[in-house]
Structure formats: structure tokens, C-alpha cells
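Make a model of the complete structure from these sequences and hints.
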Amino acid sequence: MPVKLSARLSLAAPALVLLALLALALSSLVASSFATGSAPWYAHYRKFLGEDVYVAYIVRSFRVAAWTTLFAVTIGYAIAYVMTRVPRTLRRLIVMVLVLQFFSVSITRIYSIILLLGNNGAVNRALLGSGVIDAPLRLIYNELGVVIGLVNAALPFAVFPILSVLERIPSSLREAAYTLGARRGTTFWHVTLPLSVPGIAASVVIVFLFSLGAFATPLLLGGGFVDLISVFSYEQAINFSNYGFAAAGAIVSTLLGLVLVYLFTVLVDRRVAAT
Amino acid sequence: MSAATTRSLLPGLGVSPVLLAIAGCALLVLPQLVVIITSIDPSPAAIFPPKGISFEWYANAFTRPAFREALLLSVIIATVTAAIATTIGTMAAVLVVRHRFVGRRALIAALQLPMLIPEVMLGLGFLILFSNVGMRATLFNIMLAHVVITMPFALRVIIANLQTVSVSIEEAAQVLGAGPITSFVRVTLPVIQSGVVSALIFSFIVSFDNFTVTAFLVTGRGTLPIEIYAYIRTESDPTIAAISTLLIAVSIVGILAIERILGIERLSRVEGTPL
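Chains as they are written, first to last, in this note's numbering: chain L, 1 to 275; chain R, 1 to 275.
A few of these clues could be false.
Claimed, not checked - Not everything, but these chain R residues come out facing chain L in the computed CB check (under 7 Å):
1. Phe126
2. Val197
3. Leu200
4. Ile232
Said to hold, decoys possible - Computed footprint of chain L on chain R; a stretch qualifies when at least three of its residues, placed anywhere within it, have a C-beta under 8 Å from a C-beta of chain L:
5. 98 to 109
6. 112 to 122
7. 207 to 218
8. 246 to 254
Note that these hints are calculated values from the structure, not bench results.
Just so it is clear, the structure is predicted and the values come from calculations on it, not from any experiment.
Just so you know, even glycine gets a beta-carbon here, dropped at the ideal spot from N, CA and C.
Structure, rendered in C-alpha cells:
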């Protein structure tokens with residue numbers, strides 16, 4: 001018995017109300033970045049892009065996001081690759097570890113990295129104790145620390161898109177390459193890796209945008225030395241009630257990130273189409 | 001390079017994928033282990049490895065009113081959020097899985113939009129929106145923002161679950177004269193019970209865990225992640241390690257529950273965005 005269209009669509013009504021709320025929040029954000037009183041409408045943007053101090057937030061954020069993406073996707077690829085080749089129980093265990101990571105409270109996860117890598121942390125104490133180093137290594141409270149923390153947080157996002165692509169590559173292709181005399185390494189570079197490009201690309205996009213928007217990790221693991229754009233926006237908004245300026249910074253970095261991601265996907269699509 | 005070494009190395013990188021994967025998993029697991037071990041450290045400096053066993057930090061975590069109140073606040077917010085987000089997500093999921101209409105795919109993508117927008121933009125956007133319209137009820141504001149953020153997660157879980165349930169039993173119920181609402185409540189809902197429970201757990205965790213958006217909206221007393229952040233900025237004793245250990249335990253229970261009733265890996269197979 002067919003149900004009326006209106007009855008069906010009403011199922012989505014509450015969800016659409018949430019989307020409308022989201023749209024309202026984002027348009028308030030954009031509007032406030034242009035609300036400059038007597039100054040020209042682009043004043044916040046001019047100030048943000050015109051001063052080195054502020055541009056430095058953007059440069060730092062993109063640099064940290066790029067390093068994080070490189071490490072997280074490389075390690076994520078290795079984990080996904082290994083997951084397709086280990087017994088089911090081990091594979092389930094790795095899935096559990098990754099999901100636990102996703103589900104862990106972000107603040108306690110960051111705290112755990114401080115305990116592991118801080119000046120008094122487990123790694124430094126082990127190295128000092130065994131005489132490998134004389135003074136503690138500075139592993140956090142710098143860009144390295146923020147990157148390590150972000151890789152730790154982003155690994156689940158990096159692994160799953162690659163895993164789902166790797167699983168769809170028929171093993172017969174690899175076997176064919178072996179039969180034709182290709183070594184494992186050759187097979188990997190010429191068969192498996194090219195076929196997993198869509199998964200790698202998805203993983204790159206997600207991890208990059210995730211790191212670009214990260215807030216708690218740079219706040220805690222940067223120790224005040226690695227202020228990324230998110231920390232800038234928070235401080236402008238909360239400490240100085242400077243909503244418009246905070247919004248302008250967030251918008252510039254997000255738009256720049258989206259443009260980069262768009263160019264990246266266009267490039268990847270073109271290469272995939274060409275092969 | 002001999003054939004034997006090529007076998008175990010990624011040629012050109014000189015790194016074994018197995019070693020990389022182990023390093024990645026270590027980066028995920030080691031911090032959690034260090035936290036658990038530190039939580040029973042009797043010394044107040046949170047230095048690894050501990051010199052004995054003590055549960056005083058657990059006692060401290062439970063007796064500090066700030067943490068007790070923060071925990072209560074977090075549980076209230078997460079419970080209300082999970083209930084609303086799951087209800088809204090379930091309704092929308094039924095629409096997009098059970099009905100075919102123009103713009104269906106666009107709707108699925110749009111409903112998952114909040115997952116893709118940087119949390120700083122969401123937090124700042126809601127802060128500006130609420131201050132523009134003069135909404136000063138902090139608790140209500142936080143819940144509203146949390147519902148917007150968590151709904152896509154609930155939606156994904158329910159979509160994943162509904163896709164495994166045959167549509168024919170609902171059609172049978174409707175052919176036998178049940179209205180759409182009756183057939184949903186009496187037939188569909190019992191079948192997707194496991195999905196609903198998983199969605200509740202999932203959205204509870206996402207809300208409970210949220211730091212960034214909450215940080216923008218909170219005034220006065222904070223949720224547990226906010227209070228933890230405030231504590232580790234000034235104190236370095238293992239109280240947070242004790243709290244973290246308890247939260248890790250709760251996360252593990254939640255994940256095992258979802259795995260038992262739904263299967264974690266199925267969540268990464270929903271069209272739209274990868275997890």
C-alpha cells in the first residue's frame with residue numbers, strides 16, 4: 001500500500017531542522033566575519049591576511065597538517081595492508097584497537113601521549129635509564145609533538161578507507177603477477193599500490209582536513225608554542241570576544257584547505273582516468 | 001638487494017610494512033598502557049614506571065566535587081543528546097534506506113555534513129548564533145550543538161543496520177493493513193533494535209567525548225573533558241590517569257557491546273562518507 005510522499009518526507013523533518021540549525025550557525029559565522037562596524041566589510045580579512053603574525057598561524061597549520069597526513073597515511077597504509085594478510089582474529093583485534101582509538105575521550109588520549117612522550121615520560125625515562133641519552137628528548141610541546149598526537153588520533157581515519165579498497169583488489173591479480181615472474185616488491189609497486197590509489201586519496205583528504213581542524217591536540221601538545229589556526233580562533237573568540245576576527249581566520253583556513261583538497265582530488269581523478 | 005630482502009621490504013622505502021604497522025599499533029596502544037600503569041602510581045609526580053601500587057588517585061578522582069559534578073553533567077548531556085540524536089537519525093535513516101526519491105543521495109550526503117565541518121567552525125558558529133539571538137541557557141545550547149554533531153553518527157549506524165534487514169516484512173505488514181507508523185513501530189523497530197542500541201551507545205560516546213564544540217559554548221562549570229583539561233593545565237598528579245583508565249574501560253565495554261550486537265566493521269561500509 002503506497003504511503004503518501006508527504007508522510008515519507010516528514011520522517012526527515014527533524015533531521016532537516018538540525019541541518020537548518022547548522023546552516024544558521026555557519027551563516028552567523030560568515031556574517032560576523034563581515035560585520036566590521038564602520039570599517040570596510042573585508043576589514044577582518046585584510047587584517048588577518050595583512051599581518052605576518054596571523055599568516056603564520058595558517059602556514060603552521062598547513063605544515064603540521066601536511067606532515068600528519070604523510071605519516072598517518074603511510075603508517076595507515078601499512079596497517080591496512082597487514083590487516084588484509086593476517087588471520088581473522090588478529091585482524092579483528094586491530095579493528096578493535098582502531099575503533100577504541102576513535103572512541104577514546106580526546107583529552108585523555110592527549111594526556112596519555114604527554115605521559116608517554118613528555119620530558120618525564122615513559123620513553124624519555126627508558127632512554128635515560130638505559131644510558132642512550134643524557135638529557136630528555138624534547139618530543140612534545142613543539143611541532144613534532146603536535147604531529148605525533150595528530151597521527152595518533154588520525155590513524156583510524158587513515159586506515160579504513162585504504163582497507164576497504166585493498167579488500168576489493170582480487171588476489172588473482174597478484175597471483176597473475178607472480179605467475180608472470182614478478183617479485184613481491186614489483187607486484188606491490190605495479191599492481192597493488194596503483195589499484196589502491198582511490199583509497200589512499202580518500203584517506204589523504206580525511207586526515208588532512210581532520211588535522212587542519214584539530215583543536216585539543218595543538219592546544220595541549222603544542223604547549224603554547226605551536227598555536228594553530230584553531231587555537232587562534234578560540235583565543236580571539238573566548239579571550240577577546242572578537243568573534244568576527246576569529247571567524248575570518250577559521251574561514252580563510254577552511255576555504256584554503258577545501259581548495260587544496262579539491263585540486264588534489266581533481267589531480268588524482270585525472271591520473272586514475274589516464275591509467 | 002637480494003630476493004630474500006625484497007620479500008620483506010617495501011622496495012625504495014627500505015621499510016617493512018609489518019614493522020610500520022607494528023609501530024603504528026604501538027603508537028595507539030602504548031599511551032593507553034602507560035596511562036593504566038600510571039594510574040596506580042603512588043607518587044604524585046606521575047612518573048613512569050610507578051614504584052608501587054596505590055588507588056589513592058582513584059579515590060581523589062571520585063571525591064573531588066569538580067569531577068563528580070562534571071561527570072554528572074557529561075552523563076546528563078550525553079544521555080539526552082543520544083536519545084534525541086538516535087530518534088532523529090532513525091527517522092531519517094528509514095526514509096533514505098526504505099524509499100527511493102529524487103535527491104535521495106544528496107540527502108544522505110547532506111545529513112552527514114556535520115561530520116565534515118571542522119569542529120572549531122561549528123563551535124564558533126553556534127557561539128555566535130546563540131549570542132546573536134540572546135540564548136544564554138548554556139546547558140541547552142550545548143545539548144543542541146551536540147545533537148547536531150552526533151545525529152550523523154546515529155544515522156550511519158541505523159543505515160548500516162537497516163540495509164541488512166529485508167524490506168519485505170514491512171511490506172507484508174502494510175499489505176495486511178498496518179499503517180506506516182504501526183508497521184514501523186511493531187515490525188521495523190523490533191528488527192533494528194540492535195542498531196538503535198548501537199546508535200545510542202555511539203552517539204552517547206561522541207557527545208561525552210566532545211571537547212572542541214563544548215569548549216566554545218561552556219560557561220562556568222564544564223563537562224568532564226573540559227574539567228580534565230583545566231586540571232592537567234595546573235596539576236600533574238595521576239588523578240587524570242585514574243579517570244582516563246576508567247574512561248578507557250567504559251569505551252572498551254561500549255565497543256564490545258556494539259561489536260556483539262551489530263558488528264563494528266559494518267559501520268565503515270555506509271555510502272556517503274567513510275568513517
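**Message:** For each hint given before, does the structure comply? Return the numbers of the non-compliant ones in rising order.
**Reply:** The structure conflicts with hints 2 and 3, although it agrees with all the remaining ones.
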